[in-house]
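Listed in order, the protein sequences are those of chains A and B. Under our numbering, think of the first position of the first sequence as 1, with each following residue one higher. Under our numbering, think of the first position of the second sequence as 1, with each following residue one higher.
A portion of the hints provided could be inaccurate.
[As the list claims (entries may be wrong)] No more than 20 Å apart at the CA atoms, straight line, and that leaves these computed lysine-lysine pairs for PhoX-like:
no., chain 1, residue 1, chain 2, residue 2
1, A, K67, A, K2
2, A, K56, A, K67
3, B, K42, A, K42
4, B, K42, A, K2
5, A, K70, A, K2
6, B, K57, B, K42
It is worth saying that the hints were derived from the structure and are not from the lab.
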Amino acid sequence: QKEVEQDPGPLSVPEGAIVSLNCTYSNSAFQYFMWYRQYSRKGPELLMYTYSSGNKEDGRFTAQVDKSSKYISLFIRDSQPSDSATYLCAMSDPANYGQNFVFGPGTRLSVLP
Amino acid sequence: EPEVTQTPSHQVTQMGQEVILRCVPISNHLYFYWYRQILGQKVEFLVSFYNNEISEKSEIFDDQFSVERPDGSNFTLKIRSTKLEDSAMYFCASSAGRNTEAFFGQGTRLTVV
Numbered sequence: 001q002k003e004v005e006q007d008p009g010p011l012s013v014p015e016g017a018i019v020s021l022n023c024t025y026s027n028s029a030f031q032y033f034m035w036y037r038q039y040s041r042k043g044p045e046l047l048m049y050t051y052s053s054g055n056k057e058d059g060r061f062t063a064q065v066d067k068s069s070k071y072i073s074l075f076i077r078d079s080q081p082s083d084s085a086t087y088l089c090a091m092s093d094p095a096n097y098g099q100n101f102v103f104g105p106g107t108r109l110s111v112l113p
Numbered sequence: 001e002p003e004v005t006q007t008p009s010h011q012v013t014q015m016g017q018e019v020i021l022r023c024v025p026i027s028n029h030l031y032f033y034w035y036r037q038i039l040g041q042k043v044e045f046l047v048s049f050y051n052n053e054i055s056e057k058s059e060i061f062d063d064q065f066s067v068e069r070p071d072g073s074n075f076t077l078k079i080r081s082t083k084l085e086d087s088a089m090y091f092c093a094s095s096a097g098r099n100t101e102a103f104f105g106q107g108t109r110l111t112v113v
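Here chain A stands alone, though its shape is the one from the complex (with noise of 0.2 Å):
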């Protein structure tokens, strides 16, 4: 089993919807998740930092964790073709000394105008 999968994608939403990127992960050590924006050969630009099982709010980005499930989230209110990109998760352990971030392969969203 992979340490942390998504949804593959890519994923087609018409402009104004709501959007819903997912992870799955396996190692229950980790307790900072992270969610990056992507664009084509850019880097990763960060735009959720959450600390264990809840929700946190920012504009129009939510992300949720469910520490229980493995499962996290991030929604995407009222999308706009500029959120048109690849979605990375990531997460790490902080037990862990050298703090390396465990990432997802990426969701590739396309918000049709």
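Could you slot chain B onto chain A? The hints should help.
Relative to chain A, chain B alone:
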């Protein structure tokens, strides 16, 4: 807004040559990282660096790779003898402290011919 900067944006090198990829992390950050992303694949951890030493490295980070913080601002990744399979995007990242979010640079695209 502070950002991680990387140079060059694109580097073409011949197999067997040495390359140095350069990064300027965010100024008050203490943890530094290198990740790579082979085209079409996921972002993979290479190495983390804290307090002037490597804190963790992956299996990818073999003896051909080295990192250095030569002064108070730069963080470099050296590949001593490049191979074709080293062709990838290389991302530098930094974070302010333990268990805090990591910010990524725009990457250096390394092409080995």
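The hints, checked one at a time:
The straight-line distance between the Cα atoms of K67 (chain A) and K2 (chain A) is roughly 17 Å, inside the 20 Å bound, and the hint therefore holds. Taking the CA atoms of K56 (chain A) and K67 (chain A), the gap is near 14 Å; set against the 20 Å cutoff, the hint holds. In summary, the hint linking K42 (chain B) to K42 (chain A) is supported, as the alpha carbons are separated by about 13 Å, within the 20 Å threshold. For the suggested pair K42 (chain B) and K2 (chain A), the alpha carbons sit about 12 Å apart, so the restraint of at most 20 Å is met.
Taking the CA atoms of K70 (chain A) and K2 (chain A), the gap is about 13 Å. The hint holds against a cut of 20 Å. In summary, the hint linking K57 (chain B) to K42 (chain B) is supported, as the alpha carbons are separated by about 17 Å, within the 20 Å threshold.
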